[in-house]
Structure formats: C-alpha cells, structure tokens
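Given next are the chains, with one letter for each unit.
There are 2 protein chains.
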Amino acid sequence: MNDRVTKLFGIKYPIIQAGMVWCSGWRLAAAVSNAGGLGLIGSGSMHPELLEEHIVKCKSATNNPFGVNVPLLYPQVEEIFEKIVRQGVKIVFTSAGSPAKWTSFLKNHGIIVVHVVASVKSALKCVEAGVDAIVAEGFEAGGHNGKEETTTFALIPHIRQSISLPLIAAGGIATGRGMVAAMALGAYGVQIGSRFAASEESSAHPKFKQKIIEAKDGDTLLTLKKIVPVRLMKNGFFEKVHQMESAGASSEELIQILGKGRSKKGMFEGDLEEGELEIGQVSSMINDIMPAGSIVEEIMREFETVKLEICNW
Amino acid sequence: MNDRVTKLFGIKYPIIQAGMVWCSGWRLAAAVSNAGGLGLIGSGSMHPELLEEHIVKCKSATNNPFGVNVPLLYPQVEEIFEKIVRQGVKIVFTSAGSPAKWTSFLKNHGIIVVHVVASVKSALKCVEAGVDAIVAEGFEAGGHNGKEETTTFALIPHIRQSISLPLIAAGGIATGRGMVAAMALGAYGVQIGSRFAASEESSAHPKFKQKIIEAKDGDTLLTLKKIVPVRLMKNGFFEKVHQMESAGASSEELIQILGKGRSKKGMFEGDLEEGELEIGQVSSMINDIMPAGSIVEEIMREFETVKLEICNW
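These protein sequences, in sequence, are chains A and B. Under the numbering used here, the first residue of the first sequence is numbered 1, with each subsequent residue one higher. Under the numbering used here, the first residue of the second sequence is numbered 1, with each subsequent residue one higher.
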C-alpha cells in the first residue's frame, strides 16, 4: 500500500479520525491514535483554554502522533494557534477557510499542515499555500460542506489527477469496504467522521449517538446553503429551516433562526428536536456504538478482506 | 469477477450504457453492444413510432443483446411497451416511477426487467415487484434524480447489504478506476451515462458534447427539486431557475418557466443558454469525444490496471 499518508504522520494505518465539533475531544483522539490511526482534537467547539487542556490530556493519554483540527471561520483562531504552538502540537488540519493565511506560520513552527477542500480549485490553492497534504471531502460528509456539492466519487479522482500532494478522502467512508473504494479512486488514506462520532469515546450526547445508529438513508440533507452549507440530520429544527428556505428566506432570516449554540444544544446537550445535528449520509450504515480502537481494527480487517476479494475478480 | 450482471444479459463486460434522452438512439446502443457492453435505447425522448424505428435499426446493427430504457413518468408508456413487445426486445430498464405497475406485464412477455432506484426503500420495492436486477443511482448522476440526495458512495454498499438482486451502480462513473471503486462498494456492474453522451455515436448536438468535455467540477447542480429533481449544467436557463428557487418560487411557477421542450432545445438542438443540459458531475473528468467502442475498451483496460494496483497494495 502506498505509504505517503502513514509516513507523513508517522502512523500505522492511513485512517484519520475527523476533528468534529462536540464529538472529538482528547478521549476520542487518544483512542484512535493508540489504535494506530491519527486522532484529531476538534477545536471548533472549544475555547482556547479548553483546547489547551484537551491537548495536555491527549499527550498524557497516548505516545502516538495526534493532531488538532482548526476551522478557520471560528473566532479566536489566533489564540487557538498560539496554544497549539505552545503545547508543541505537531499536526494541524485546517478547514472552512483559505489555506493562504496560516500555513506558513504553522510550518515555520515545524507543524505538518493539512487543509480540507471540497473542489479542485481549492486543492490548487492548497498547493500554492504550501500545505503538506489535503483532505478532499465529498458532498455526503456531515457538517460544513462545499458549495459545489461534488461527491466523493466525482471529487477524489479529479483532485488526484490535478495535484500530487498526499490525498486523503473524506465523506461517505465508515468501513473497510469504503476505504478500499476511496483508495481505488486515488486517495492515499481516509478521514472518517460519523463513525467515530458514534464511538464510545466520542463526547457527543448519548441520545445523539443513539440517533446516529438508528439513521436510515435519506435522513440527512445539506441545508443552510445561503449561509454556510451544512449537512444535518432531519429533525424539528431542520424542518423549520427547510420550510423557510423553500419559501425564499434570506440569509439574514436564516442566521436569525439559527441563533447561537444550536450544534451544542443538539450534539452535546442531546436536544434532538431543537438542536443542530451534524452528521454524514453514511450514518445510515452505522449500527453500533463501539470503542474507537475496535472501529479502527474492524475497518482494517475489512479493508484486507475486500482487497483480496478484488484480487480474485 | 462476479458474473451475475454479464450472465443475466448475456454480455461480455458489465458495462451498461445508460438510456438517456436525446443522446442514446440506435447508433449509440448498437456501438456499445457491439463492443461487449449493453447498449440501451433511451425512449424518453421518442414517440412510440420513432422508438420502433430505432429498435429495428438497432437489431440490424448488432447481433449482441441490447435494451430499451423507459422512464415511467412519460406519456404514451403503454404504446411504448406495446412496440417493445412487438419488436421482441429482450431487456427493459424502467425508471422514474414505481416498478409495481409494469414489471409482471414485461416478465410475462419474457423480458428481463431492471429498475432504477435512488434509495434503499425503492430497492426493497423492486424486490417485491419481482425485477431481475436493479440500478442504484447516486446524487452525482445527470438528469432525473432522487429526493434523498444519497450519493453513489453511500448508496451502493447500503443497497448491497439490503437486497440480494444483481446490483448495478450508476452516478459518477466514467472510467475503469470508477468501475473498480463501484464494484469494491458492492456493485456487480456499472451504468455509465455522461461519458457516452459525449461519444461519437451519441445523438446529442455537437455543441452540447463540446460543453461536456469542457466542464469543470462544480459546473452542474441538482435543481428543480420542487418538481422532479434534475442535475443540470449551469447556464442561462439554470441561473434563471436557481434565482427563482432562491426567492421561493412555487412548483407551478417552476413548471411554467420550464415550459415544454427544454431538454430537446439544449441537448438535441444545441441551444446552450436557453436549453436544459442534463449531465452528471463526472462530466468534469471527460476530456475527449471518442467512439463508444473505444470508451468500453479503455474502461476495461483501466479496470484491469487498477485491479492489479490494488492487489499490490
């Protein structure tokens, strides 16, 4: 297997656990890193001080590499990066913004920088900005998403033929079978969100985890496209937004109904009706709440089985 | 390689050329069937008499199996099926409607019936209706599409684990690499539209073919969701619809702006601004107008190469 991703991070398996709001604190990141993947602390739902606490705890919970995901559109990005540098974090995934602004700052501090994109155009900007690798995330992914709506199947091969950086596929992947398919399309590794959001070590509210494993196909939809497109599980809040959008609501009206703290309310506090529930389409294929380490092992076992299956075609 | 699809149709390669409006007449279907795939005449843009003419010509242009695609929402479905039975067509793909109504009629006439679905729920209905195989089509596909917006990556494995019928993947596939990925996800064969829409034997207007090979990622979007969701290339007509939708247009208003003959105007007559241009996201990966037979050969060559690549991981 091509080892560009495993070598870059110094990990055993090319499985990255996506940095997610309200789900991926130090417990989840350390569990994935201990199992041979790359765990990411999701800083998007943390104040700088809380992030620092999570980094410190993660360092004492694993001797393996781990990283921090930083959505660039959140406030306090500067303080977040200050904590990251101070704590000697070696790997940073940036998303939801331009890679131009922070990449050289991070690289000057010896940090490996990975940026998340949803289009070929953004991938080319990453090359210009000097990032070390990119995550290409398809339309089926949970949470924030691209305006182009390009799916994993269409996006990965196109980016692979357009740039030569180590490429990590995201969106729709939760199993070893999906990992083989993503790598057949041209990725060197995979980033997995939803499956880990429903893991034992995820800090998501138990009710939200339960909702994930009960999800059927068609239970999520990309919404709030006039603000920032986000894939949500259908619930009371989603239906309200959906009706407003259908009637032509402006971005101002949508920002108002969204208000503050919707994702915390849904994903962390377990208000399944009024909260924002960010999750991917692949939630329909997730049926158990498992320890994150067992998820990594199961994926790698299935990966090997499916690989052999293909050899025997 | 699992031979459930090739055996069912009596073909050499598990590559089905999608039946498409304004693109797939007898020339394209015969070319694909002659190359070892399964060509489909797209009846959606044909009056029953014209369809009959295409069937007759296709029979004299190939000795290999071919079929007809019938979108069930079009008028004159009854007359279409009458011609199909009279001309002794052996394979029918139905789409855009329920498989319950016509499947037993067709099977009573010794016809192999395949139905196109976009959700697990519809796949289960196909089993009930007694179809012989199903095509599962993802969100990235061109033309009419499902309300669930489930992508190929999320849809195929879920349907594969839910039903045991021969499964054909569609949406986002244009290359041998895509074919390997689709089959890794659990399909036994692939249905390819956009790539053949841009082939030499396609009856699409040369200007539309040129537009397809120039397309970049993000150049299509699923639209007209309040009527029947359809993936269109962005152009003047699309922008008009998109603005109306954004302002909350009703389905009645959208039906009015759509009018009659939009897809003919765009795809067959070459009016790239005012016409409807149905095409998939994978158009961004299509760079040449090739003979359909060469497309089949190229896909199979790449399929074998990528398969070996995976064996050596």
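Quick caveat, the hints were computed from the structure, so don't treat them as lab data. Just to be clear, a hint being listed does not mean it is correct.
Copies of the same chain look alike in the list, so a pair counts if it fits in one copy or across any two.
Derived lysine-lysine pairs resembling DSBU-like cross-links, with alpha carbons at most 35 Å apart [claimed, not checked]:
1) Lys240 - Lys7
2) Lys260 - Lys107
3) Lys101 - Lys216
4) Lys59 - Lys101
5) Lys234 - Lys121
6) Lys216 - Lys234
7) Lys147 - Lys207
8) Lys101 - Lys90
9) Lys216 - Lys107
10) Lys260 - Lys226
11) Lys59 - Lys216
12) Lys307 - Lys7
Because the structure is a prediction, the values reported are computed rather than measured.
#### Entry: Status of Lys207 relative to Lys147 across identical chains (alpha carbons, at most 35 Å)
For Lys147 and Lys207, both the intra-copy (30 Å) and inter-copy (27 Å) Cα distances are at most 35 Å.
### Intra/inter-copy verdict for Lys240 and Lys7 if alpha-carbon distance must be at most 35 Å
neither (46 Å within a copy, 49 Å between copies)
### Same-copy or cross-copy closeness of Lys216 to Lys234 [CA-CA at most 35 Å]
both (11 Å within a copy, 31 Å between copies)
### Message
At most 35 Å between CA atoms: does that hold for Lys307 and Lys7 within a copy, between copies, both, or neither?
### Response
both (21 Å within a copy, 24 Å between copies)
### Message
Reference check for the pair Lys260 and Lys226, CA-CA at most 35 Å: within, between, both, or neither?
### Response
The answer is both: 17 Å in one copy and 30 Å across copies each meet 35 Å.
### Query
Within a copy, between copies, both or neither: where do Lys101 and Lys216 come within 35 Å Cα-Cα?
between (40 Å within a copy, 26 Å between copies)
### Task
Using 35 Å as the alpha carbon limit, work out where Lys234 and Lys121 are close: within a copy, between copies, both or neither.
Intra 31 Å, inter 17 Å, cutoff 35 Å: intra and inter.
### Message
Checking an output row: Lys59 and Lys101, CA cutoff 35 Å. Within, between, both or neither?
### Response
within (27 Å within a copy, 62 Å between copies)
### Message
Within, between, both or neither: how does the pair Lys260, Lys107 come out at a Cα-Cα threshold of 35 Å?
### Response
Within one copy, since 33 Å is at most 35 Å while 57 Å is not.
### Query
Checking Lys216 and Lys107: alpha-carbon separation at most 35 Å within a copy, between copies, both or neither?
Between copies only: 31 Å across chains, 42 Å inside a chain, cut-off 35 Å.
### Message
One pair to classify: Lys101 and Lys90, alpha carbons no more than 35 Å apart. Within, between, both, or neither?
### Response
Within one copy only: 18 Å inside a chain, 61 Å across chains, cut-off 35 Å.
### Within, between, both or neither: Lys59, Lys216 at alpha-carbon 35 Å
Cα proximity of Lys59 and Lys216: none, with 37 Å in one copy and 43 Å across.
Hints 1 and 11 from the list above are not met by this structure, while the remaining hints are.
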